[in-house]
Each structure stands twice: as structure tokens, then as C-alpha cells.
Amino acid sequence: MCLGVPGQVVEWIDRDPLFGRALIEFGGIRRECPMACVPEAEAGDYVLVHAGIAITRIDEQQARQTLKDLASIAADQDDHETSQESER
Amino acid sequence: MMDPVPSWARTCPVPIDEQSERISLAHGEGARLSRRLIAERILPRFASPDATHFQDAATVTTVGCRLAICTDSHTVSPMFFPGGDLGSLAVFGTVNDLAVAGSHPRWLTLSLIIEEGLPISVLERILDSVSEAARQCRVRIVAGDTKVVPRGAADGLYLNTSGVGELIDPVPPGPCAIRVGDQILVSGPVGQHGIAVLSVREGYFFDSAPLSDSGSVIEQVVALRDSVGPHIRAMRDATRGGVSAVLHEWATECQQSFVLSESAVPLTEAVRGACELLGLDPLYVASEGMIVVAVDPEYASEAVCALRSVKGCEQAAVIGEVTTRGICPVSIRRVLGTPQPLDEPSGAPLPRIC
Amino acid sequence: MKFVDEFRDPIAARHLIQKIRATAQQPWVLMEVCGGQTHSLLRHGIDSELAGTVELIHGPGCPVCVTGIRVIDRAQELAFRPNVILASFGDMLRVPGTGGSLLSAKSRGARVLTVYSPEDAVQYAARNPAQQIVFFAVGFETTAPATALAVLHAQKLGLSNFSLLAAHVRVLPAMELLMASPDNRVQAFLAAGHVCSITGWHQYQDFADRFGVPVVVTGFEPVDLLQGILECVTQLESGRAEVKNCYGRSVAETGNVVAQAIVDRVYEIDDRDWRGFGTITNGGYRLRQEFHEFDAERRFFADRHASQTVADARRVYLQNGDQSGTAASPPFSQPFASAEQRCKAGEVLSGRLKPCDCPEYGTNCTPDAPLGSPMVSSEGACAAYFRYRGLSVIRGIQ
Ligand code: SF4
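Chains as they are written, first to last, in our numbering: chain A, 1 to 88; chain Z, 1 to 354; chain U, 1 to 398.
Bear in mind the hints are in silico, worked out from the structure with no lab data behind them. Yeah, the Cβ is synthetic: ideal placement off N, Cα and C, and Gly gets one too.
A short, non-exhaustive set of chain U residues, derived as facing chain Z with CB atoms under 8 Å:
1. Gly45
2. Ile46
3. Glu49
4. Cys62
5. Pro63
6. Phe89
7. Gly90
8. Leu93
9. Thr143
10. Pro222
11. Pro367
In the DMTMM-like style, the derived pairs of lysine to aspartate or glutamate whose C-alpha atoms are separated by at most 25 Å in a straight line are:
12. U/Lys2 x Z/Glu276
13. Z/Lys147 x Z/Glu21
14. U/Lys156 x A/Glu11
Restraint ranges, calculated between C-beta atoms of paired labels, are given here:
15. Z/Pro297 x A/Val10: 41 to 49 Å
16. Z/Ile327 x U/Leu353: 21 to 29 Å
17. Z/Glu253 x U/Leu353: 37 to 45 Å
18. A/Gln62 x U/Met179: 24 to 32 Å
With the hints as constraints, model all of the structure from the sequences given.
Next up, the structure:
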């Protein structure tokens, strides 16, 4: 359920609160998407698109945090391995 | 069929109004109207020494070589799509089939099945495109036929082209010759035609419909033949069902398995984005201007170099290899690197939301 | 692509797998709720990679699999009506109803339009005023804003030829049902990331407390999924049962309140039939009264008793002959009802039966000829298993 794809807002086409639309870019293609659920998104922001409409704005800071957490897991893992190796 | 606007008209670049001259059933009845249609609209576009009279049978001259013969019927909705149209597609499709069989395409026949009511200007545009594509591929259209069917019995226009090519040594032996260890190449980014057609047919992308790769693969085949000819096992253009369909077919014939590497598969940004958005796998999406090649592993990098020297094939790459037969005929290494099965395509790809 | 490629990083994924293996001291049973997650887990082979470490039960979160058979039959019947075009997401086209799938109905003359977005169906209706466009609105909370917006748009455009066959389902009541069942095996949930983008994760707090089960909001890329699994395993090993958000970039605690308001304006919570589960209390949405004019059930079935649908359609059809003028073949082929009984979808989707233990699996039921809905879509539990089994044999050979 719920294939959601991140795309970047290129520009707003219509700012109507309910029927507003923006041009969104996904890799090399663009599509106009209803923006009613993400009125706060601005050009340059990333939004998650599902069934053709933007359903949420992607939080860049949170994404960076997640990647940082991952990096620390990787570092732990590496330490763990090196220590195991040195034990041997 | 369900739209009041016929499917071919939606993307047609020719202006059409009520006054446009249209094809009627009488155009197909073999009488004066049909003779004039052929003499005035069709023949002049395909002037060739062999076809001046468009007799029932054309005669051609060869110098005692083996021939490749194939036939293919073409229908595409919409008739005009970004990067091509039905006319050029009908030529390239058949020419490509001849080329990957190891032949030099020489002659084509062209059959038209026209739906009553098709504006003659649209027909002419398609015919122009047929003739331009034939010129590009240096093939001659030597015989043809025209039928008109009642309104509703066809979707605008169907084309059938049959082709004859002269086989040139070394002719690739075909999928039965594929052995364990052979490398699988593609000559360019996959899935461009399917995405182009899908995006205009269903109106998925308003702003920047990606272009189809519809075109001739003759140059690619020649480049391969000249560099690594004797070491090519099989070639195929990856049309309906994409790369996956070709490999599944080969797997059945050679009784081996194929393992691909997802990260090696060349994609354009447009196809990548469209496939993510619609939930499609590009390996199932049709191309009309690139080929899949199985080649002896020792000559794989030479083959890639040869392909990359052809314009439009700069992204040619090895995408996988042949392994001993397992239960799963085609599998693919994705992010984690363990091979996962790549199913046989079942029917046309449907966009999904989940 | 940004926010996609970073989360498909093979090295990060490897590290996470090692960490999960190192953390899990016993084989925990997790359920990924969402079909999209199932799809991704299988596509990347995460489930086989973790075999023996965690068992992943493919949950009921595939709207294609759980959409009730009655509403599929109605959709199909509508598609055969003159002047009606049924617009549907591609996912629903292969799902078998009582009389076969929409795809097979299409080949018998039904008018089915595949759309990517409900908005496309509204546009189509605006362009084709002489046709009745019925949008088959399936999907979870994630999809409801899109269909609600389509209704609002149709209302604004004054379209009298657009309506909605509403079959939306809500995921939390189904999870509650699973946990409450006496033979439940699920020990932790990977909650569906995109559902939570709309609803937020605070709604799971009470659920996690009540059932003492970890609920980890999880995304869809391999790294997201592995992170979710790691969090579940870590909690289970330390005896905790908390709600944790591992999909922060797309999910906020309270979700998307603007989207919730749109859904709330158009829909109200209602009981709904789930295929394989029966009627789930509060398990779906229905259109609010102000929008009844857009309700396809009311527009087209107002006079009809629910159980008569298919039989009626067949009779009407046989009386009127084929509208399209093509060869007369009945729109409803061999009744399929017995298949519905043979299929063990309910047990499979609740994790009580492995697909390969279903007697029909692989014999009478394959992806090419599915008996039940879990064999249909690529994220259906049975279809997924079918592919996986092939691979395990390959591994044996290699
Ligand atoms: S294998 Fe087929 S019949 Fe058995 S539970 Fe799965 S879908 Fe139903």
C-alpha cells in the first residue's frame, strides 16, 4: 500500500488553499500535483507524492539525523569487527 | 474508444477540422478512388525502381546470399508520441528484427489497415514518417496493400511491414549457443519507449514527457559485428516486456539462468523518475532502439567499447551474466547483493499505488 | 534521486543486517503492516537475508488484498453499464471478484480506465460530460486525502457525472483485531510509514500500551526497513514495548493535520468488509451525508439489496444483450464463489498460516491464475512467497 515518492517542488502554479497545484520534479520528469495537504511547501522543498497528490513535506533535518544515526551504527559495527579481529 | 476524441487525434500534431478530407470505405474498394489514393498519396512517397507500379508482387535482385525474412504488425496508441510515431515505428520495428538476426535490411512491404474517417492529412503524415525512416535505414519499400475498414473496426490506422534482409557473416548463432559465463550487455538506457508512450497515453506527465528511443539499431549491430562478430551468441531488441522478457525467452531456449546487477542497468533520469512514481520496474518496460546482447566473456569489454562508439549508445554496459540453470531463470542483485527473482512480465505494466 | 538513493545504500544496509543479527538472541516474529513494505522487503531479499533471525509476517496492509469482494463485484457491474466508465488504480485490475477480475471484464467489453491519480479521473469526467465516471476509491488512510480532494474538486466544478465507489480501509482497527485474536503470533509491528504521514504516530501509543507490543513507524527503502527491524528487535530484547518513529523525514507525531481535515470533511468512519477478515468495526470510511450525491452506491444501487448485485446484473445483461455490439459473451464467467471459500487469505494475512501451507498454493493458485487476492499483486503475501520459494531452491543448487 501507499507507494510514496519524494519529488522537489519546482514552482507553484496555483495557490488556491484547496485546489492549489505545483509542478513537482521526480528525477528527470515533472508532473503537476495537487498541493492542498502541503500548503507550507515552497519551491525547492521536497514533498512526498502518493496517488498523484503531495501528502507531506519531507523534513530535511530529520533525514540528515537519520543518516547520522546510521553512520554511528556503521562506526559501532566497524569498531566491533576490528576489536573482534584484534582479539583473534 | 470511450473518448469522444479518437485516441490518435489527441496527440496528433496535424490540425484537423470538420472539413478535413477523410478516408471513406470507397477508398478501399479497388475502384477509382482507391487507385487515386495509391497513385497520388502513397506511391510518390516510396519512389523506387522496384515499385513504380506497385504490382501485386515485387521482384528484387540478390546476389546469391542467404536471406532473413520477418513480419510485424504495428499499432500504437497514441499514434504520435514524443520521439516518434506509428509510421517510423513500423519501419524501425521490422528493420531492427532483421538487424538483430544478423542481416543487412534491404526491402520492406507495407500494408495499411485504415479506419474509415481517418483524415487524409494524418495518413499522409504517417506515410511521410514511414518514408523518412526507410530512407534513414536505407531500406526500400517495394510492395504494399491498402484496406479500409468500417468506423470502429480499428483504432485509426494499423500498419504491417514485412522485411527481407541479406544475412552477413558471422551470423550470431542465437540463444541456443549461450553458455555459462557469457556476459549480457545492453546497448543503451532501458525502457524509454514504454515510458514515453505511457506518459502521453495516460496523461501522466504534463510538463516534460520523456522521449521514446524509437530508432534503428543497424549501426549498433554493425559496430558489434565489426569488432567482436564471431563471439556474439545472440542479439535481440528489447521491445514488449523489456529486457526481462528477452532474458526469460533466452533462458527457456538455452536452459541456463541469468543474473543481473541492478546498479549496472543504464537508465535515463526521466525513466528512473517515472518508474519510481508509477511503481514500475524499468526492466519490464519496452525500448524501441536498444538491444540486448549475449557475448563471450573474453570479448565483453571490447563489445561495450564498440557499442559506445555509436551515437546514442554511450551508456552501453554489461548488466549481467549467464549462470548454470537454477529454478529461477532470471534473477537480479539489488541493494543487498543477493540475487532476487525477476519474474516474467505478465501483461502490460500497470501503474500501482501500493 | 534525493531521499531515495541515500536510503538504498548497500553498505549501510549491510551494517544494519549485521547489527540485527548481533542483537537478536531469539527468532522474533514481526509483522510489516503495509503491502508496500512487503514489496520492498521481498524485492531486496531482506526477509531471506534475515531468515532465522527474525520472521516477517506479511500483514494485511495491501488494499488490493483486503478490498471486499462485494465492492469489487459492484465495480465490475458498473463497468458493464452503458455510459459508465470505471476509473481505477492499476493495482485493482487483476484482483478476482465473483466473476473474475476487472481486467478480464475489460476484455469482455466492460469499460475500465486505469488512472494514476483520482484527480485524473475528475479531469476525465470534466472532458467527457456524456459519460458517468465512477472512481473506485480503494486504499488506506494515505490514499483517502487524494480521493477526498477529488470529490471536493468535482463538487467545485459542478460535475454531475463523477462519483466515488468508496472502499477505503483504516489500518489500526485491523491491527487491533490481529492482536486480540487468541492465536496471534505477532510480537512487534513495523507500522506503515505513509499511513502515519497522514495520521501521525500518536495514535499507536494506546495500542502499544494496551497490547504491550512495540510499534515502530517504518519507511520503505531497504535501509529504512532494516532500521525499523533493528528497533523492534532492540526493544523486544530489552523487554520494552514503545512507539518509535524511525521515519522522521516523512512522519510527524501528529501527522498531517491539513490532510486529516480534508479527509474529515468528506468522510466519516464506518464499519467495512475486509476480504478474509469479515466486517471490521470502524475499519473504513464512508462519504459524509453532504457528499451523498457523489456516492456511486447511492447513485447506481439505490434500489438494490446488496446480495442481489451479481445475479441482477447478469439478468439485466442477458435481457438487454451486449451494448457495444460486439460478440455476445456473458459478462460474468464461471461463478467463482467456491474459490473464495477455498482461499485461506484470512489465515495467511493474520500470520496463522504460511502461504506455502495453503493446499491451493502453487497448484490451483499461482500468480498467473490466482484463486485469492494475496496471490494477485506483487506485494500479496502468497505471490511474494511464490517467488521466494523459487529462489531458495536456486540457492540450494548454487
Ligand atoms: S495460496 Fe492462493 S488460495 Fe491459498 S491463501 Fe494464498 S491466495 Fe488464497
